[in-house]
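A.B. asks: Please put together the full structure from these sequences, using the hints given.
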Amino acid sequence: MARDAARSGRYQLLLGAGASVGAVNSFGPLPLASGLVEILAEEYPSAPINSKGTLTRAYQRAVKVSSTEHVWGTLKRIFSGASHDPWFVEMTQLPWRRVWTLNIDDAFENSYRSRAGKSDRKLSIIDWQDAYSDTGDLQVVHLHGHVHGLNPSKLVFSFSEYQTAAQAHPVWDQVLSGVVGSEPFVVIGAKMLEDPDIEALLMNNPPRGLAPSFVVDPCISSDNKWELEGLGFRVVKEMPYDFIDAWRSSFGLTEGELHALRQSHALSIPQFSKLQTNVFNPPPSGHDYFGGDAPLWSDAVVGHIAGLDWMASVVSGVRSWALEAEGSEKDQTLHIVYGERLTGTSSGLYAVAREATKMHVDPYIFDKSSRWDVELMVDLARQRPTLLLLDGGRDFADDVDRTLKLAVDAGARLYIVVSETFSNVLRLEGRLTGSYFKDVTNVPNRLVRAGASSVVKVLEKFGRLGSLELKDRGERQKNFMGRDIFSSMMDVEYSLGFRRRLENELNAVDVGWRLDLILLLGLAAQVNRPVGLVDASVALGISADLVGSAVDSEEHFSALVESVEGRLLARQRDRAIEPVINKLGRSVALSKVLGFIQRLAPMASRASLQKRNRVPLLVAHLMTGKNLQKTFPGEDLDSFYEALRPVFGDWNGRYWEQRAIYAKSKLDWARAESFAGRSVSLYEDAYTRTTYGTILINRAENLAAIQDQAWRSYYERGQRELDLAQSLEPGSRVTAFAYLNSTLALLEKLLLYPRGEGDDFSSVSADWTQRYAVLRLSLTGEQHLQSVSRAEDLSQKWEGVRLKGLVR
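For the sequence shown, counting from 1, position 315 maps to 315 in the numbering used here; every step adds exactly one.
Since the hints were made in silico from the structure, they are not lab data.
Wrong hints could be hidden among the right ones.
[Said to hold, decoys possible] Here are the simulated SDA-like pairs of lysine to any residue, each with C-alpha atoms no more than 25 Å apart in a straight line:
(1) K592 to V509
(2) K118 to V408
(3) K797 to Q786
(4) K666 to I581
(5) K611 to I365
(6) K666 to R678
(7) K478 to S346
(8) K583 to E505
(9) K122 to H259
(10) K237 to G189
(11) K154 to R61
(12) K666 to V593
(13) K611 to R645
(14) K405 to L426
(15) K471 to V448
(16) K274 to I365
(17) K358 to A322
(18) K122 to L150
(19) K154 to F27
(20) K626 to A643
[Said to hold, decoys possible] Computed spacing ranges between beta-carbons, pair by pair:
(21) L32 to S553: 41 to 51 Å
(22) A705 to S789: 23 to 33 Å
(23) E375 to L752: 48 to 58 Å
Predicted model, so just to flag it, every value in this text is computed and none were measured.
Here a beta-carbon is modelled for each residue, glycine too, at the ideal position from N, C-alpha and C.
C.D. replies: Below is the structure:
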């Protein structure tokens, strides 16, 4: 496991002062703590600094006789422009997931840049106070500040600064506390049991990663070694350069092997994992695909996934593309798979990838952690025919579009399969503006005879017919026909007692954080949002170690939650939400959701939202008004949203947008309009403008129903807002359909008005037909996309309204 994790870039690196031994700049070797105390004593003679004293005391006294800015400038002179020994440079070139450092110097960054090539990950320097985001770059997180740039970074050296940092509980400290207990680490040069913040971190989060974590310390005492090994670390008592040399040779990371990995971009685009049949992670203990667990690549490799007609259709598209001669119009293809949740779309993507491996095509699966580097992805597809699989693509539609557009210009052979639900058709298709080839496959909500037969054959093969074992082939198939695959499989596993089994498992779980986690994962499963172990530990306010150990060892809890490669999954998808809410009580459950959002808020920053990180997208779902009303009917969401105002009110336009939508649902028009306006003022884009314009036209409809002539001004204002939205994103189908749907509803109210001079119905009808014509023109050549059928449905509704208008 260590070799696989090392080669795939899953190890995190933590550097302490010892790692900087050997680094030099124009002033000579970088000093350690004792040397720095002597320098500070010379630089600040008016301060009573004991040259044999501690660094924290020396730094604190230097600041008192000058300022933090002045001392930072002194330290910048001492620690910036550093270069390091060859072993250290080689270490920076190894595939690290992220780098954490207690040092303020720039030795790592300079060493990395000295050897980095065009295909390597970009470097991102993070200060401990910076907002959280996961960029896909190689992030170097300076936990105690740094000397980069011209503006002073807030350092953590003195006792008071340690205390202030601990009280602030910065987001990067929260992330580190999660990953140190859940992901493999290599620690070099850090005195793990003597640094005040690191020791507390370790004691609360012993390592539980899939691969072992290592502490490299040639001078470690036997008692400290004993304690660290008791926590679960592997302590290596040798020099760092010897360890790095052994690491490279043992794990196949020599210069030539690293070059091959870089050429394949396996390390430079961490959001995608290559799917291979000869090398793949085994399923976690207890994983049971037939019992309802979310599919894994291993399920496809061993043949657990039944082939359905829609899957064969997608495979056929990939095959014809793979067989086309280079230079074909289909060299760059987007294949959209529309299907509702629990109809097998996730399984189908893995099944498609399994078949693609037989066609000499390289398939990659997207982890939805952040946006990716488009240029590097296209460069990958230049080398070999490449298949990208995105299970849920609405949030990344613009990146899909940019990638395929660039692939067209570069002549790269790239096939992208994106799955999405029908409710997100417009959000996805509106951003697909390129001239690449597009195809669509719809997943039926219910299994037909052929699909039922395929499922039965797989269950027969693996001896998993359960309650159907003693029935004949016809009876077995009847169990699946006309039903979605998830529900029918649950009946096979637990017969008609699935709900009772689920409730029994829940009743055996104590009310507390375990039940909270099941609720969180169930809500995430509603819209296929991934939840990492770190994300969950932050949301619940407990250690990742506590969560991970409970999932692994507690029978009833592990029957409901599965841990897969750092992610947590609800085994019953969203089916546990209702019984959990019943057990907690609706108001209590809603307060739990509020707590999730409040604790996750530091990870849901503006920067992380722009990068489409998992946490802000999860938070967005958790505070979506329509979903909350559906999940918690009758609950007062005004107080829920008001409790979030101190967290999001000053900057988050999406927060105000959801408040506006909720107020509209309550016909509270004044607040709906005000909240929508605030949303636009904080974050103007096509979506916030569309919400604002739609609310104005909805209010016009409400006024027209009571024959209040003020409807005209609201309609005209709504038109202007939607025009602005369209100008911000000309291809936005969300905006176009929002106008057409809301105005059609208004026209139905205007039917109540008598015909006459200055007929309002005719005037608004003219607006409607003009905008509908523009929409249909934009859909030319896209007859196979769902947007076209949606437009045709609108046309039929319009025809009905128009005919009523003629006979008024």
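A.B. asks: Run every hint past the structure and note whether it holds.
C.D. replies: Going through the hints against the structure:
no., hint, in the structure
1, K592 to V509, "holds (16 Å)"
2, K118 to V408, "holds (21 Å)"
3, K797 to Q786, "holds (17 Å)"
4, K666 to I581, "holds (23 Å)"
5, K611 to I365, "holds (18 Å)"
6, K666 to R678, "holds (18 Å)"
7, K478 to S346, "holds (24 Å)"
8, K583 to E505, "holds (12 Å)"
9, K122 to H259, "holds (16 Å)"
10, K237 to G189, "holds (11 Å)"
11, K154 to R61, "holds (16 Å)"
12, K666 to V593, "holds (21 Å)"
13, K611 to R645, "holds (23 Å)"
14, K405 to L426, "holds (20 Å)"
15, K471 to V448, "holds (19 Å)"
16, K274 to I365, "holds (7 Å)"
17, K358 to A322, "holds (11 Å)"
18, K122 to L150, "holds (21 Å)"
19, K154 to F27, "holds (23 Å)"
20, K626 to A643, "holds (18 Å)"
21, L32 to S553: 41 to 51 Å, "holds (43 Å)"
22, A705 to S789: 23 to 33 Å, "holds (30 Å)"
23, E375 to L752: 48 to 58 Å, "holds (57 Å)"
No hint from the list above goes unmet by this structure.
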